[in-house]
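J.: Residue strings, one per chain:
2 protein chains.
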Amino acid sequence: MSGASSSTRGRRPGAPDTRAEILASARALFATRGFAGTTIRAVAGEASVDPALVHHYFGSKDDLFVAALELPVDPRVALAPVLEGGAEGAGERLLRVFLSVWDDESSRLPLLGLVRGVVDSEGRRLLRDGLLGVVLGPLAPRLGLDRPDERVALVASQMIGLVMLRYVLEVEPLASMDPDVLVATYAPTVQRYLTGELPP
Amino acid sequence: MSGASSSTRGRRPGAPDTRAEILASARALFATRGFAGTTIRAVAGEASVDPALVHHYFGSKDDLFVAALELPVDPRVALAPVLEGGAEGAGERLLRVFLSVWDDESSRLPLLGLVRGVVDSEGRRLLRDGLLGVVLGPLAPRLGLDRPDERVALVASQMIGLVMLRYVLEVEPLASMDPDVLVATYAPTVQRYLTGELPP
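Residue numbers (this note's numbering), protein chains in the order written: chain E, 1 to 200; chain W, 1 to 200.
Note that these hints are calculated values from the structure, not bench results. Glycine residues also receive a C-beta, built at the ideal position from the N, C-alpha and C atoms. Among the hints, erroneous ones may be present.
[Claimed, not checked] Here are the computed distance ranges between Cβ atoms for each label pair:
#1 A42/E to D17/W: 52 to 58 Å
#2 E88/E to P179/W: 47 to 53 Å
#3 D178/E to H55/W: 31 to 37 Å
#4 P173/W to T39/E: 43 to 49 Å
#5 D62/W to V181/E: 46 to 52 Å
#6 D180/W to P173/E: 28 to 34 Å
#7 D180/W to G196/E: 15 to 21 Å
#8 P141/W to S60/E: 50 to 56 Å
#9 D178/W to D178/E: 34 to 40 Å
#10 S100/W to T39/E: 38 to 44 Å
[To be verified] Stretch by stretch, here's where chain E covers chain W in the computed footprint (C-beta under 8 Å, at least three residues):
#11 40-47
#12 81-87
#13 94-105
Hey, can you work out the whole structure from these sequences and the hints?
T.: What follows is the structure in structure tokens.
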């Protein structure tokens with residue numbers, strides 16, 4: 001669908017199609033090469049625009065990735081309250097933010113689309129790089145966690161499992177459980193994964 | 001397809017297709033109506049055979065469902081060691097069995113197929129009824145758990161999240177972590193969900 005105009009070049013910065021084209025190119029590259037393997041330059045090349053234009057529209061590579069994922073909220077903004085207050089209680093705050101985003105139908109629908117991407121390798125890469133790299137990964141250094149990769153992956157394993165049961169498979173009683181009860185139930189787990197003792 | 005003759009017992013002469021037909025009908029009905037909404041009689045009707053023949057080939061409705069899911073191992077057999085020893089330590093034993101099945105490539109592949117079913121509503125129903133009804137659900141009464149539905153759903157949320165990270169998204173360090181370390185890492189979580197204190 002995007003191929004019809006993919007070879008246009010020399011559009012003025014204001015052209016609405018250019019932005020969409022850059023975004024489509026970015027999404028395709030992030031999906032096939034992953035976040036780490038994608039450069040702003042490559043995205044610009046794919047979209048036949050100058051790299052400066054990519055920066056102009058989207059800012060940094062992080063910004064571009066967040067835009068390409070079409071996340072309903074910017075995780076860097078949403079997660080700010082988790083970081084405030086440091087590692088103590090971060091599990092509870094993370095769950096609270098997470099549930100507030102997922103419980104809101106307008107943000108849940110696009111997120112469900114991302115989760116359904118697990119069926120193909122490109123969707124899996126977007127989900128992995130998105131969840132680990134952009135949403136949860138940045139928490140580790142900013143909360144000063146030891147063994148950051150392991151702790152972030154453990155947290156992700158509980159978060160995505162909660163998503164699967166509550167929102168995808170809609171298993172009761174989790175599907176209709178009060179968010180406060182869910183937070184209280186899962187907080188000890190997430191907090192242990194963030195800061196508790198782990199096997200050596 | 002390949003499973004059609006793998007576990008035949010005392011097959012009636014001449015009808016190799018009948019078993020496969022019953023299985024296909026069962027799978028279709030379980031997927032659209034769920035486990036609870038499907039009867040042996042309805043499966044027989046769908047396959048145009050006598051209900052007695054369904055029982056003859058597959059035994060109980062539970063047996064038929066396990067066969068229809070094409071699980072690589074019979075969960076009722078695999079989980080026997082989890083039940084022995086009672087609720088104490090059940091989390092650790094459950095993780096050990098679970099990982100041994102998933103770490104074996106020959107059983108992992110069909111299970112991954114079941115997990116990929118999340119993209120459509122029929123696949124979700126099979127996954128939900130399979131994981132909750134046949135694999136984990138029966139543990140609750142046999143371990144004497146209070147609030148069985150809630151505890152089983154909590155356990156499922158961690159198990160399926162672990163599956164997603166380790167086997168589907170293949171996130172490191174979980175993807176190549178030693179099973180013993182994984183068991184030690186997740187056991188406190190699963191044990192708490194099984195027998196620990198939960199919010200009122």
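J.: Range first: 46 to 52 Å. Now tell me if the beta carbons of D62/W and V181/E are that far apart.
T.: The hinted range 46 to 52 Å is violated for D62/W and V181/E, with Cβ atoms some 32 Å apart.
J.: Is it true that P141/W and S60/E lie within 50 to 56 Å of each other by Cβ?
T.: The hint (50 to 56 Å, Cβ to Cβ) holds, given that P141/W and S60/E are roughly 54 Å apart.
J.: Does 38 to 44 Å hold as the CB distance between S100/W and T39/E, or does it fail?
T.: 42 Å, holds
J.: Go check the region 40-47 of chain W versus chain E for me, would you? Three or more residues, Cβ under 8 Å, otherwise it fails.
T.: violated (count 0)
J.: Can the suggested window of 31 to 37 Å be confirmed for the beta-carbon pair D178/E and H55/W?
T.: About 44 Å separates the Cβ atoms of D178/E and H55/W, which means 31 to 37 Å is violated.
J.: Is the distance from the Cβ of D178/W to the Cβ of D178/E consistent with 34 to 40 Å?
T.: 38 Å, holds
J.: Please check whether D180/W and P173/E have a Cβ separation lying inside 28 to 34 Å.
T.: 33 Å, holds
J.: Looking only at beta-carbon atoms, does the pair D180/W, G196/E fall within the given range of 15 to 21 Å?
T.: 18 Å, holds
J.: Report holds or violated for chain E covering the region 81-87 of chain W, Cβ cut-off 8 Å, minimum 3 residues.
T.: violated (count 0)
J.: Does the Cβ-Cβ separation between P173/W and T39/E fall within 43 to 49 Å?
T.: 26 Å, violated
J.: Quick one: are E88/E and P179/W within 47 to 53 Å, going by C-beta?
T.: Because 32 Å falls outside the window, the suggested range is violated.
J.: Is the listed coverage of the region 94-105 of chain W by chain E valid when you require three or more residues with a beta carbon under 8 Å from a beta carbon of that chain?
T.: Three-residue rule not met by the region 94-105 of chain W, so violated; n is 0.
Of the numbered hints stated above, those contradicted by the structure are hints 2, 3, 4, 5, 11, 12 and 13, listed in ascending order.
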